[in-house]
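**Q** Using the hints, put the two chains back together into the complex; each one sits in its own frame.
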Amino acid sequence: MSPPTLAELRPEQSGTVTRVGGERAFRRRLMELGLVPGTRVTLRKVAPLGDPLELEVRGARISIRRRDAASVELER
Amino acid sequence: MTLPEVPRVVLVGNPNTGKTTLFNRLTGARGRVGNYPGITVERSVGRASLSVSTDTAAASECAIEDVPGCYSLASRSAEEQIAIDALLGRHDSVRPDLAVVVVDATNLERNLYLTLQVLELGRPTLVALNQMDALRGAGVEVDAAALSACLGVPVVPISAARAEGLDALRAAIAAQLVSPTLPPSDGWRWAPSDALRTDLDAVAAHLGDERPEGTSDSAARALALWALMSVDADDELEDVPAALRLAVLDVQRAARAAGRDLDAEAIAARYAFIDRHAPAFVRRPAVAPKAWSERVDTWLLHPVFGFVAFLAIMFTVFQALFAWSDPAIGLIEAAFAAVGGVARAQLPEGLATDFVVDGLIGGVGSVLVFLPQIVLLFTFIGVLEDTGYMARAAFLMDRVMNKIGLHGRAFVPLLSGYACAVPAIMATRTMERRRDRYLTMMVVPLMTCSARLPVYTLIIGALFPVGAWLGLPTQGLLMLGMYLFGTLMALIAAAVLGRTVLKGPRVPLILELPPFRRPHLGSLARLVSSRARVFLSEAGTVILAGSVVLWAILTFPRGSEEVTALEATRPQVEASSEGEAQAEALAALDAEIAGARLRNSLGGRIGHAIEPLIEPLGFDWKIGVGLLGAFAAREVFVSTMGVVYGVGADVDEESATLRERMKAERRADGRPVYTPLTGLSLLFFFALACQCVSTLAAIKRETAGWRWPLFTLAYMTALAWAVSFVTWQVGTALGA
Chain A
0 MSPPTLAELR
10 PEQSGTVTRV
20 GGERAFRRRL
30 MELGLVPGTR
40 VTLRKVAPLG
50 DPLELEVRGA
60 RISIRRRDAA
70 SVELER
Chain D
0 MTLPEVPRVV
10 LVGNPNTGKT
20 TLFNRLTGAR
30 GRVGNYPGIT
40 VERSVGRASL
50 SVSTDTAAAS
60 ECAIEDVPGC
70 YSLASRSAEE
80 QIAIDALLGR
90 HDSVRPDLAV
100 VVVDATNLER
110 NLYLTLQVLE
120 LGRPTLVALN
130 QMDALRGAGV
140 EVDAAALSAC
150 LGVPVVPISA
160 ARAEGLDALR
170 AAIAAQLVSP
180 TLPPSDGWRW
190 APSDALRTDL
200 DAVAAHLGDE
210 RPEGTSDSAA
220 RALALWALMS
230 VDADDELEDV
240 PAALRLAVLD
250 VQRAARAAGR
260 DLDAEAIAAR
270 YAFIDRHAPA
280 FVRRPAVAPK
290 AWSERVDTWL
300 LHPVFGFVAF
310 LAIMFTVFQA
320 LFAWSDPAIG
330 LIEAAFAAVG
340 GVARAQLPEG
350 LATDFVVDGL
360 IGGVGSVLVF
370 LPQIVLLFTF
380 IGVLEDTGYM
390 ARAAFLMDRV
400 MNKIGLHGRA
410 FVPLLSGYAC
420 AVPAIMATRT
430 MERRRDRYLT
440 MMVVPLMTCS
450 ARLPVYTLII
460 GALFPVGAWL
470 GLPTQGLLML
480 GMYLFGTLMA
490 LIAAAVLGRT
500 VLKGPRVPLI
510 LELPPFRRPH
520 LGSLARLVSS
530 RARVFLSEAG
540 TVILAGSVVL
550 WAILTFPRGS
560 EEVTALEATR
570 PQVEASSEGE
580 AQAEALAALD
590 AEIAGARLRN
600 SLGGRIGHAI
610 EPLIEPLGFD
620 WKIGVGLLGA
630 FAAREVFVST
640 MGVVYGVGAD
650 VDEESATLRE
660 RMKAERRADG
670 RPVYTPLTGL
680 SLLFFFALAC
690 QCVSTLAAIK
700 RETAGWRWPL
710 FTLAYMTALA
720 WAVSFVTWQV
730 GTALGA
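So the protein lines, in turn, are chains A and D. Just so you know, we're using numbering that gives the first Met the number 0 here: the first sequence kicks off at 0 and counts up by one. Just so you know, we're using numbering that gives the first Met the number 0 here: the second sequence kicks off at 0 and counts up by one.
Bear in mind the hints are in silico, worked out from the structure with no lab data behind them. One or more of the hints may lead you astray.
[What the hints assert, rightly or not] Here chain A is said to cover these stretches of chain D; the calculated rule only asks that three of the stretch's residues, wherever they fall, bring their Cβ under 8 Å from a Cβ of chain A: (1) 67 to 73; (2) 256 to 270; (3) 349 to 362.
All values derive from a computational prediction rather than experimental measurement. Even for Gly, the Cβ is constructed at its ideal location relative to N, Cα and C.
This is chain D alone, in the form it adopts within the complex (with noise of 0.2 Å):
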């Protein structure tokens, strides 16, 4: 991710500025997204020709950091450090040579807030006036000159998303580049009062490793103002040196005996500095027209058509991602099966053809069936985010998620589990909190996903009646039951977790309105892209390794007595028949032959282990293998029932072969193993365990560490074993 020999500048602005859409402009196709180290913010870096003028003194190109938005640079997680320590060149990132502020001047006043932090590190920076278009027809003036002359820094302005004035801002970045235009002797706009101003130097005096050499006063002072306004007895800041926490500690103990509060002191001075200048560069009409975003938002957040309109949308999304994407992902599975059998064919039958078939291919085709979903979640996201519905959305639902415990935003990776649990916990990044990511992310799972569909209908179809319930069908009143079922048990999950294992301090929701603005194209690809490309290598590569291993442990080992046993009799299948009748007896021996392997392999033997365990549940052992070949897909378990059966693998949920060998199985003592009271069971434990190895790979990504996947795995296991244990010892005891 570094990328040595040219400049460095930083992009930093408050959010919904546009800051991403002139990284864009400016680095071309030629950004690349990686990962903060340690946290799962994005971290987008590209080169940006800056070549537009002939003077061969002036930098051609550079690197570029598009930085997080924020509000602020004072920080309470390692998340929220991100900004102040790209501009600082902090911990793991490299001191940039300029900082470029993206301002947003239709919201100029509160947009200044964080230019006059940056200011007061005393660093080379610049302004880009952006969103000068939208001021246009707001009937506001900014003068760009008036502000560079009170900010001290060249301001310059642009629309990013008309790509006006970007040959400019590529000129004065290069001319900073080589002469940066320092804000004058020291950044500081405004002067803090004497008693901040001698709290700031009691805390310059620790800052120690964290003032590099060469540091100004001024900047030191900046420093020790951020650590005032950062520091807590309970913040999630990193690399905080001990002797600055309790410098910083203690000047706030003192400030808060005086009856002073150093926070408001700092911000009020700041705003106080704005507001005096405001006048000299910015001017507004004494009545301003109502926008046209207003008009929009009386209708979108009215107390009808706000909700008809919100259910519109996620409905849209929602049947986008479990119809719309289905082609596509019927193209990618055909499209795996046929390059399957294509090397089959080509390849000499034996154990390597098996690996490269079924294991490779098979694991390569796994992970990228899950694209079609997520290109079309983010497509959807990214309208909705760039847009400003996204926030919207938030607000109308906030009640209502807020009573569970969940952000606003958490609606639409739960809606989005429905169809697949994978993009939806990638949607969880819409959240800026920690804790809300990943308590949404513990209870997605449970959601009832698309890959469930077959096993249910396998279940219900083989073990329920045909028949009605007050004049509805039963099997489609089961299928409902369990939507809402996963539902409830989610919502549950949510308010049970959010109080005990994800508990923490109430926090306040701070949302921003944003005004509506259409989405810039070159954004939403480079956004889907990017998260296509993340899910490709880092949980692909987990879900790859995750179908590897299951293959192997449900084929290894080959060989047993059973196996050999039923070989010896194919010559006299062979002689016993001719034609169609010979290739039907040798078939069924084939899948004899196939559950005598997978019975024989590992995973039946983990299946036997496990069969005390699953026991109380109504399950046997076969069932458990079933359930172990399910961790590659819920799907899967459809096919693993087959070969254990002896019936093959080409069976689907609707296989009436599949159905009547379930009906004839029988447990050691003659009763049938399945019956409706099993098929509850498994039911039950269906919607609740989390049997999926992609699942996991995602929430290991997301959460950078396998501590919250397991977690899920065991909470989810547990849960499932749980209600499936009370149902069948509840449903024997009461004789079903």
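Same shape as in the complex, but just chain A (with noise of 0.2 Å):
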């Protein structure tokens, strides 16, 4: 079974960052952020219309793409 991902959180759901995947650019951005392997993130809110994701790390509001989101993966 493949570990559970970012993407598969629900609203005020928390998991740890185990791996963050994707392209390079992405990846390397995401991790800058604050969001990398050990960090607490939880998912605060989804768009209306679905997509984009709104997170919490480090107390800062970041988002992403649901798509990419499923990139990061999670130890809950």
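**A** Printed below as a string of structure tokens:
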């Protein structure tokens, strides 16, 4: 079974990042924003049209698309 | 843009840290805005007075550069490279004497990530701990002294928005400029693993000219790490030496083969340092109070109210551009008409006067007339950006815009395009990525701008019968249809261009939703005035030149047999009647002469020359002249047609004389030129063609070259021609 990803969280659920996948520039930027393995991340909101997602990482709010969130693996 | 002889300070920091507000506070009204060479990212430089003490040894003044906000120094494009270049004085920058890292205290850990990168460079550094006022509300405490001990450089707590702590910051900058507290021996606060260190040394050996004389080994390692994290097989970086690039790619390949992830190693190591030391300088309450910003978000991102609020805000922006700017535009037009009138009355009649009045004064007027909309639009954009709403709008609209291939932030420029493409193109700057900006610029001119309205009104009024369709007025429906048509074509063009000409790798969205903040008036005023200045000095000059060239094309050569023959009839006309009748007859003759002049001008000849090209669209050469005139501004089509048909230039789109004259116009075979089918073909042509020098000038300014404006002109003209061709040919075949 593949590990759970950020895209599978429901609003107000949290997880701990285990791996950030995806294309290099995206991974690098996401990790630089603090989403490194071991970081607690919470899904705060889903945009009214279903995409993108609003995350809380280290007290900051960032938004990424569901498709990209699926490349961030978590540990619940 | 160089400010010599004073120490140089650069301000770096994450976006949304209040860095620009601080810049404005420090430089007062003395900041200047320019551009980084080759790219259209604004460069703000200003002088700041530091003399807060009587200590004569301290520097009393410095030059400050506001470096565009960034989350990291690692970069993929020339735009992102600005920060590292500014810090190191590489490429086109001068080496700064001090780096001030502006840190948002409410978002400390992430801001410290960039701070660590700056420290690694081993240059004199100072931390300005901003947003201290916002910290109090959140119940968070940050200990500046402990942070300073951890980082090894001075930390000054401030609030740029409330102007708190600024004297202490000035004093600290002055002190650092005299005797910098270099990061102790070596700016690195974290120790790379042995493997990473070996990789860094391997890359550092190939730095070549990128390693200036006197660079310490640790600073060289920082440069190597920057290269290792930035260089890619397909990056858009500039001036990376080939040997360095090769060395980086080699090390990256070897690391991949060994199952290592260098990016993750370095990033995780920096965050590990921050996380390990954070407890020493930051204390958070066990239960964070819910910020008011979050409560506002509950409404603004609500599935129903969120869109209601979005539509209300966008409608206000639209209304402002469309209606509120009108009195100011009217005033500018009236003022220039008055100045032109006075000039004409004062100067002797003749060509020189025509040039001054129609070419120069008219040209300057056609530039200034854009100012009200630019000022209004950037006031709104500034407020929307500074409060944090723009990010929310992008969050709401991303799904829809992404489908078309546009960035969520493209919404505001597209909407502004309904008023005028020029401010709309300038508004594309709110997007980070070049491709997103260019794609938006390419399609904005398809939105139905207000300059198309008079043309549509003239054509629809003259050629389509007043009537009703399903109980609705046909003319009104047609107008509405043209708006929908323009919008639809813009969206289709975006989808097509985004998949062809501006095709790029799919780029994931990473959007920060900063807490809502009150906009700072000084920064807003600075933004608006800098945009207005940039427009006047850069796009304005091209628009002015374009207007003068068009005036010349439509004026020269002056004389012709037709004109001479008409002039010869003047005594006859004068003798044939008296009083008012005579004046009327003379005015008619003057209009005839003006028409003859235009028809014989270079523009008239171009109209003739392009007739074979536009004939398949149902247009004759006179319409061709009108299309040429419309390049100065689309609405000029109306007055150009007035002159072409010899009814005078003072016609507007409601003019009955011009409409009658158009209806009476016949082709060589006796058929009327203007039929509803010609009208439709002409409407489509105006909807799609890039008949606007100012739009092209704005694109030239924003893309820093002629390539994209020429592409826009080419693709839009081709599209317009094709659609009008199909309309006319199919319509004619169907017997319309």
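**Q** Taking the hints in turn, state whether each one holds.
**A** Here is what the structure says about each hint:
Residue count for the region 67 to 73 of chain D with a Cβ under 8 Å from a Cβ of chain A: 3. That meets the three needed, and the coverage hint holds. As drawn, the region 256 to 270 of chain D meets chain A at 5 residues by the rule of a beta-carbon pair under 8 Å; at three or more, the given contact holds. Given a C-beta distance limit of less than 8 Å, the hint that chain A covers the region 349 to 362 of chain D is violated, as 0 residues qualify and 3 are needed.
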